[in-house]
Amino acid sequence: MKHQYFFKLLIIQYLSVVCLCASEDNFDFFYFVQQWPGSYCDTKQSCCYPKTGKPAADFGIHGLWPNYKDGSYPSNCDPDSVFDKSQISDLMSKLQKSWPTLACPSNEGFKFWSHEWIKHGTCSESVFDQHEYFEAGLKLKDKLNLLQILNNAGIKPDDKFYKLESIRDAIKEATGFTPGIHCNVDSSHNNQLLEIYTCVDTSGTEFIECPLLPKGRCASSVQFPKF
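For the sequence shown, the positions run -21 to -1, 1 to 206 when mature numbering (1 follows the signal peptide of the UniProt record, and there is no 0) is used.
It is possible that part of the hints are untrue.
To be verified - FRET-style restraints, in silico, Cβ to Cβ:
#	residue 1	residue 2	range
1	H168	A82	22 to 32 Å
2	E144	N55	30 to 40 Å
3	A82	Y52	28 to 38 Å
4	S65	A132	13 to 23 Å
Simulated from the structure, these hints should not be mistaken for lab results.
We put the CB at the ideal spot given by N, CA and C, even for glycine.
Turn these sequences into a full structure, and let the hints steer you where they fit.
Written out as C-alpha coordinates, the structure reads:
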(Lines of atoms letter the chains of each structure in order from A and count residues from 1; the text may use other names and numbers.)
(Lines give C-alpha, C1' and ligand atoms only; values in the text may rest on other atoms or scores of the structure.)
Protein backbone atom coordinates (compact mmCIF):
# COMPACT_ATOMS: atom_id res chain seq x y z
CA MET A 1 0.00 0.00 0.00
CA LYS A 2 2.80 2.36 0.87
CA HIS A 3 4.43 1.68 -2.50
CA GLN A 4 1.14 2.37 -4.32
CA TYR A 5 0.68 5.63 -2.41
CA PHE A 6 4.24 6.73 -3.17
CA PHE A 7 3.76 5.88 -6.85
CA LYS A 8 0.51 7.87 -7.01
CA LEU A 9 2.21 10.79 -5.32
CA LEU A 10 4.97 10.74 -7.93
CA ILE A 11 2.38 10.72 -10.73
CA ILE A 12 0.55 13.70 -9.22
CA GLN A 13 3.80 15.65 -8.84
CA TYR A 14 4.78 14.83 -12.42
CA LEU A 15 1.41 15.94 -13.80
CA SER A 16 1.56 19.18 -11.83
CA VAL A 17 4.98 19.98 -13.31
CA VAL A 18 3.75 19.16 -16.82
CA CYS A 19 0.69 21.38 -16.36
CA LEU A 20 2.82 24.21 -15.00
CA CYS A 21 5.19 24.03 -17.97
CA ALA A 22 2.29 23.93 -20.41
CA SER A 23 0.65 26.96 -18.81
CA GLU A 24 3.89 28.90 -19.12
CA ASP A 25 3.75 28.43 -22.89
CA ASN A 26 0.30 29.98 -23.13
CA PHE A 27 -0.65 33.64 -23.32
CA ASP A 28 -3.90 35.56 -23.48
CA PHE A 29 -3.36 38.15 -26.20
CA PHE A 30 -0.75 40.18 -28.05
CA TYR A 31 0.12 43.83 -27.65
CA PHE A 32 0.88 45.23 -31.10
CA VAL A 33 2.96 48.35 -30.48
CA GLN A 34 3.70 51.09 -32.98
CA GLN A 35 6.07 53.96 -32.27
CA TRP A 36 6.29 57.50 -33.62
CA PRO A 37 9.92 58.13 -34.72
CA GLY A 38 9.79 61.89 -34.15
CA SER A 39 9.13 61.33 -30.45
CA TYR A 40 11.65 58.51 -30.12
CA CYS A 41 14.35 60.80 -31.47
CA ASP A 42 13.43 63.41 -28.86
CA THR A 43 14.06 61.05 -25.94
CA LYS A 44 17.24 61.20 -23.88
CA GLN A 45 18.97 58.38 -25.75
CA SER A 46 18.47 60.29 -29.03
CA CYS A 47 18.40 58.21 -32.21
CA CYS A 48 20.41 57.12 -35.22
CA TYR A 49 18.96 56.46 -38.64
CA PRO A 50 19.50 52.93 -39.96
CA LYS A 51 22.13 52.32 -42.61
CA THR A 52 19.39 52.25 -45.22
CA GLY A 53 18.66 55.92 -44.50
CA LYS A 54 16.07 57.99 -42.68
CA PRO A 55 12.83 56.03 -42.23
CA ALA A 56 9.57 57.40 -43.58
CA ALA A 57 7.61 59.82 -41.40
CA ASP A 58 5.26 57.08 -40.29
CA PHE A 59 4.59 54.95 -37.23
CA GLY A 60 7.03 52.05 -37.10
CA ILE A 61 6.49 48.70 -35.46
CA HIS A 62 8.07 48.32 -32.04
CA GLY A 63 6.89 44.81 -31.41
CA LEU A 64 4.27 42.08 -31.22
CA TRP A 65 4.28 40.99 -27.58
CA PRO A 66 2.47 38.04 -25.97
CA ASN A 67 0.76 39.11 -22.74
CA TYR A 68 -1.30 37.79 -19.86
CA LYS A 69 -4.56 39.34 -18.69
CA ASP A 70 -3.08 40.05 -15.26
CA GLY A 71 -0.56 42.48 -16.77
CA SER A 72 2.45 40.18 -16.69
CA TYR A 73 4.03 38.68 -19.78
CA PRO A 74 6.21 35.74 -20.78
CA SER A 75 9.69 36.46 -22.13
CA ASN A 76 12.72 34.59 -23.46
CA CYS A 77 10.70 31.40 -23.65
CA ASP A 78 13.10 29.31 -25.72
CA PRO A 79 16.77 29.58 -24.67
CA ASP A 80 17.71 27.31 -27.58
CA SER A 81 16.16 29.55 -30.22
CA VAL A 82 18.61 31.58 -32.27
CA PHE A 83 17.66 34.48 -34.52
CA ASP A 84 18.39 33.48 -38.11
CA LYS A 85 18.26 36.41 -40.52
CA SER A 86 18.18 34.05 -43.50
CA GLN A 87 14.66 33.05 -42.45
CA ILE A 88 13.37 36.60 -43.04
CA SER A 89 15.42 37.48 -46.12
CA ASP A 90 12.27 37.81 -48.25
CA LEU A 91 10.81 40.27 -45.70
CA MET A 92 13.84 42.53 -45.48
CA SER A 93 12.58 45.45 -47.56
CA LYS A 94 9.25 45.48 -45.70
CA LEU A 95 10.96 45.22 -42.30
CA GLN A 96 13.28 48.11 -43.14
CA LYS A 97 10.26 50.21 -44.09
CA SER A 98 7.72 49.22 -41.42
CA TRP A 99 9.85 47.83 -38.55
CA PRO A 100 12.94 50.06 -38.68
CA THR A 101 15.53 50.52 -35.96
CA LEU A 102 16.45 53.93 -34.59
CA ALA A 103 19.01 52.67 -32.09
CA CYS A 104 22.56 53.98 -32.03
CA PRO A 105 25.03 53.37 -33.51
CA SER A 106 23.50 53.20 -36.98
CA ASN A 107 22.88 49.60 -37.99
CA GLU A 108 20.88 47.40 -40.34
CA GLY A 109 18.22 46.35 -37.82
CA PHE A 110 19.24 42.76 -37.14
CA LYS A 111 20.05 43.43 -33.50
CA PHE A 112 16.61 44.97 -32.95
CA TRP A 113 14.77 42.16 -34.72
CA SER A 114 16.84 39.55 -32.92
CA HIS A 115 15.90 41.11 -29.57
CA GLU A 116 12.20 41.13 -30.48
CA TRP A 117 12.25 37.50 -31.60
CA ILE A 118 14.23 36.13 -28.66
CA LYS A 119 12.41 38.10 -25.95
CA HIS A 120 8.87 38.08 -27.35
CA GLY A 121 8.61 35.97 -30.48
CA THR A 122 9.86 32.78 -28.83
CA CYS A 123 6.87 32.99 -26.48
CA SER A 124 4.53 32.66 -29.46
CA GLU A 125 6.21 29.61 -31.03
CA SER A 126 2.98 27.65 -30.51
CA VAL A 127 1.52 30.03 -33.12
CA PHE A 128 4.43 31.28 -35.23
CA ASP A 129 7.83 30.25 -36.43
CA GLN A 130 10.36 33.05 -36.87
CA HIS A 131 9.28 34.00 -40.40
CA GLU A 132 5.59 33.89 -39.50
CA TYR A 133 6.15 36.08 -36.45
CA PHE A 134 7.65 38.96 -38.40
CA GLU A 135 5.21 38.48 -41.26
CA ALA A 136 2.32 38.72 -38.81
CA GLY A 137 3.60 42.05 -37.50
CA LEU A 138 3.91 43.42 -41.03
CA LYS A 139 0.38 42.30 -41.91
CA LEU A 140 -1.02 43.97 -38.79
CA LYS A 141 0.78 47.18 -39.74
CA ASP A 142 -0.86 47.04 -43.18
CA LYS A 143 -4.27 46.60 -41.55
CA LEU A 144 -3.78 49.45 -39.07
CA ASN A 145 -2.58 52.67 -40.66
CA LEU A 146 -2.39 54.85 -37.56
CA LEU A 147 -1.00 57.90 -39.34
CA GLN A 148 -3.86 57.88 -41.85
CA ILE A 149 -6.41 57.44 -39.06
CA LEU A 150 -5.03 60.42 -37.14
CA ASN A 151 -4.66 62.57 -40.26
CA ASN A 152 -8.29 61.90 -41.11
CA ALA A 153 -9.20 63.24 -37.68
CA GLY A 154 -7.12 66.40 -38.22
CA ILE A 155 -4.33 65.18 -35.95
CA LYS A 156 -1.02 65.62 -37.76
CA PRO A 157 2.71 65.46 -36.92
CA ASP A 158 3.16 69.22 -37.07
CA ASP A 159 4.64 69.93 -33.62
CA LYS A 160 1.22 71.04 -32.37
CA PHE A 161 -0.48 69.78 -29.23
CA TYR A 162 -3.57 67.61 -29.35
CA LYS A 163 -5.90 66.34 -26.67
CA LEU A 164 -5.01 62.83 -25.61
CA GLU A 165 -8.70 62.02 -25.57
CA SER A 166 -9.04 63.11 -29.20
CA ILE A 167 -6.20 60.81 -30.25
CA ARG A 168 -7.71 57.89 -28.39
CA ASP A 169 -11.20 58.59 -29.75
CA ALA A 170 -9.98 58.85 -33.35
CA ILE A 171 -8.35 55.42 -33.17
CA LYS A 172 -11.32 53.87 -31.41
CA GLU A 173 -13.75 55.28 -33.95
CA ALA A 174 -11.68 53.91 -36.85
CA THR A 175 -10.93 50.49 -35.38
CA GLY A 176 -13.73 49.87 -32.91
CA PHE A 177 -11.22 49.29 -30.11
CA THR A 178 -9.68 51.48 -27.42
CA PRO A 179 -5.90 51.88 -27.73
CA GLY A 180 -3.30 52.33 -25.03
CA ILE A 181 -1.03 55.36 -25.38
CA HIS A 182 2.49 55.96 -24.07
CA CYS A 183 4.22 59.33 -24.05
CA ASN A 184 7.74 60.62 -23.56
CA VAL A 185 9.02 63.96 -22.31
CA ASP A 186 11.45 65.88 -24.50
CA SER A 187 14.22 68.25 -23.42
CA SER A 188 11.70 71.11 -23.28
CA HIS A 189 9.53 69.08 -20.89
CA ASN A 190 6.80 68.60 -23.51
CA ASN A 191 4.69 65.46 -23.36
CA GLN A 192 4.90 63.78 -26.77
CA LEU A 193 2.96 61.00 -28.43
CA LEU A 194 5.41 58.08 -28.43
CA GLU A 195 3.68 54.70 -28.70
CA ILE A 196 0.24 53.35 -29.46
CA TYR A 197 -0.76 49.92 -28.15
CA THR A 198 -3.49 47.87 -29.80
CA CYS A 199 -4.47 44.34 -28.87
CA VAL A 200 -4.57 41.25 -31.06
CA ASP A 201 -6.03 37.80 -30.46
CA THR A 202 -3.82 34.75 -29.87
CA SER A 203 -3.86 33.88 -33.57
CA GLY A 204 -1.94 37.11 -34.17
CA THR A 205 -4.33 38.19 -36.91
CA GLU A 206 -7.40 39.95 -35.50
CA PHE A 207 -7.60 43.13 -33.44
CA ILE A 208 -9.60 42.88 -30.23
CA GLU A 209 -10.58 45.08 -27.30
CA CYS A 210 -7.65 45.11 -24.90
CA PRO A 211 -8.22 42.86 -21.87
CA LEU A 212 -5.90 45.26 -20.07
CA LEU A 213 -4.61 48.65 -21.20
CA PRO A 214 -0.97 49.44 -20.39
CA LYS A 215 -0.43 52.27 -17.96
CA GLY A 216 0.88 55.22 -19.91
CA ARG A 217 2.01 58.50 -18.42
CA CYS A 218 0.61 61.23 -20.62
CA ALA A 219 -0.63 64.75 -20.05
CA SER A 220 -4.13 65.69 -21.13
CA SER A 221 -2.60 67.34 -24.22
CA VAL A 222 0.41 65.91 -26.04
CA GLN A 223 2.67 67.10 -28.81
CA PHE A 224 2.76 65.27 -32.14
CA PRO A 225 6.27 66.22 -33.28
CA LYS A 226 7.55 66.43 -36.82
CA PHE A 227 9.98 63.84 -38.11
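Here is what the structure says about each hint:
no.	hint	result
1	H168 x A82: 22 to 32 Å	holds (24 Å)
2	E144 x N55: 30 to 40 Å	holds (37 Å)
3	A82 x Y52: 28 to 38 Å	violated (22 Å)
4	S65 x A132: 13 to 23 Å	violated (41 Å)
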